[in-house]
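Colleague: Here are the chains, one letter per residue:
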Amino acid sequence: MFRRERSIPLRGSAAALCNNLSVLQLPVRNLTHFGVVHGPSAQLLSAAPEGVPLAQRQLQAKEGAGVSPPLITQVHWCVLPFRVLLVLTSHRGIQLLSAAEDTFVHIWKLSRSPEGGYIEVEHCHGECVPDTQVCGARFCDPSGSSFAVTGYDLAEILRFSSM
Amino acid sequence: MSVRTLPLLFLNLGGEMLYILDQRLRAQNIPGDKARKDEWTEVDRKRVLNDIISTMFNRKFMEELFKPQELYSKKALRTVYDRLAHASIMRLNQASMDKLYDLMTMAFKYQVLLCPRPKDVLLVTFNHLDAIKGFIQDSPTILHQVDETFQQLTETYGGLSAGEFQLIRQTLLIFFQDLHIRVSIFLKDKVQNSNGRFVLPVSGPLPWGTKVPGLIRTFNNKGEEVRKAEFKHGGSYVAAPKEGSFELYGDRVLKLGTNMYSVNRPVETHMSGASENLAAQTQESIAPNPLAKEELNLLARLIGGMEIKKPSGPEPGFRLNLFTTDEEEEQAALTRPEELSYEVINIQATQDQQTNEELARIMGEFEILDQPRRSASKGDDLLAMMDEL
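Respectively, the protein sequence lines represent chains P and A. The first sequence begins at 1 in the UniProt record's numbering and counts up by one. The second sequence begins at 1 in the UniProt record's numbering and counts up by one.
Keep in mind that the hints were calculated from the coordinates and are not lab data. Every residue gets a Cβ at the ideal spot worked out from N, C-alpha and C, and that includes glycine. Be aware that a few hints might be false.
As the list claims (entries may be wrong) - Residues on chain A that point at chain P, a partial pick, calculated with CB under 8 Å:
{"hint": "1", "residue": "Q177"}
{"hint": "2", "residue": "D178"}
{"hint": "3", "residue": "L200"}
{"hint": "4", "residue": "K228"}
All chains, full assembly: derive it from the sequences and hints.
Modeller: Quick look at the structure:
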């Protein structure tokens with residue numbers, strides 16, 4: 001069971017892209033970083049526990065040829081052994097594949113059955129995010145006790161934690 | 001993003017514009033024999049719709065439209081509809097044109113968002129075209145133009161994959177992002193909330209080809225089903241009864257894109273609280289964009305293909321008011337929030353001007369109402385003309 005926590009306001013709303021939410025946990029500093037694509041800019045923000053927003057920045061992709069500034073398609077934190085990278089991708093010639101888009105976030109448990117070695121799928125939780133087309137959902141901690149959600153046109157990061 | 005989005009955007013917005021104008025003209029309809037010289041009659045209404053539709057579906061314009069290209073900004077696209085709306089004897093004040101554009105964009109945004117499958121945006125487009133054909137039943141020439149456009153839509157979009165339609169959908173949603181104008185009939189029909197966001201139903205028919213969720217099926221490595229388990233999904237959906245038709249004629253099944261206006265339901269828009277994320281929006285509108293000139297050039301090319309026929313002889317332009325009274329229209333113009341203003345951006349002329357023969361030819365097709373200006377460059381002329389629209 002999860003309950004909804006305080007949302008984190010965004011300066012710009014989330015674009016209708018797949019996997020439009022990146023989360024980087026920094027437990028040592030008690031911080032969580034979020035990355036959300038708005039359109040031609042990526043928004044980065046950091047929050048303290050309980051979702052208290054601390055800092056927010058916007059990154060623009062460098063302009064190339066074309067009528068308007070390039071649109072960003074993905075922002076992602078990559079954790080490497082000795083550094084953390086923030087990767088931005090933009091739309092030159094890259095196709096995006098379809099993914100389910102509705103107002104539900106589902107949490108599934110994957111495990112391997114002891115007898116046959118089959119992969120088992122169990123549905124743990126379904127959360128309806130009213131009137132919102134969900135674009136991204138990420139766990140915010142390794143134990144999966146909290147998760148964050150972004151929605152198209154929604155200028156906040158929704159947070160949920162288990163009860 | 002997809003470079004095949006503009007035709008769908010243009011045709012659907014155009015369709016909504018025609019629904020709204022038709023409703024407004026009917027509401028102000030006066031029987032022919034009783035009408036004063038400045039009042040609308042049924043004949044006038046049909047003429048306005050005919051003129052706009054034949055301009056919209058002009059072959060040269062359609063050719064330009066269907067060329068692969070990126071979407072224009074909302075402000076730039078409004079210029080096209082401004083020209084289109086004035087392709088007839090009808091005149092609209094700035095406030096009425098603003099309201100018209102607001103209604104058009106919110107309606108199509110709603111339709112795109114509620115499309116069950118990304119491909120269904122094509123059915124929405126066909127719904128608009130079917131209705132447009134209804135407006136011009138008595139004009140075989142224009143009917144033929146519309147049918148040709150149908151043909152072109154089928155050729156362009158008929159073979160696209162689901163992924164390509166998804167990209168088109170995302171491109172459209174980016175165009176409509178952050179627009180939360182509240183529309184009275186949406187609020188009344190409870191498809192829009194008071195915060196401007198659309199209601200997404202959690203019950204009803206699923207997209208065509210989607211099974212009802214709630215079942216987990218496990219397969220072994222030979223592809224045989226070995227286990228079934230049910231789970232509570234949270235929604236209460238049912239399978240779609242049938243697929244809409246993509247033929248020239250047929251039951252589209254989907255109601256999105258059909259005419260939701262009627263004479264008895266005047267449509268109001270509410271501005272207050274309509275724009276969230278002020279910072280993001282004003283950043284887009286006031287930052288000088290060095291690429292805007294490029295956009296205007298492309299736009300000039302598009303509009304240049306419109307071939308607007310001006311009525312010959314001294315004919316008065318009939319003014320159409322999208323508000324209930326003239327005072328209301330004036331009031332709306334004064335109280336429109338700054339961030340929702342559609343005024344063309346004033347841009348400093350850049351130093352290097354390139355004379356473009358093609359552009360000069362297209363500019364020659366623009367009707368210049370005032371004395372031609374003596375200005376330093378063709379680029380400045382173009383921007384100045386845009387300001388006058």
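Colleague: Look at each hint and say if it fits the structure.
Modeller: Structure-based check of all given hints:
Given the 8 Å rule on beta carbons, the hint for Q177/A holds: about 6 Å separates it from the nearest Cβ of chain P. At about 6 Å, the closest approach between the beta carbon of D178/A and any beta carbon in chain P falls short of 8 Å, and the interface hint on this residue holds. Checking L200/A against chain P: minimum C-beta separation of about 5 Å stays under 8 Å; hint holds. The interface hint given for K228/A is broken, as the beta carbon of that residue sits about 11 Å from the closest beta carbon of chain P, more than 8 Å.
The structure fails hint 4 only (numbered hints given earlier).
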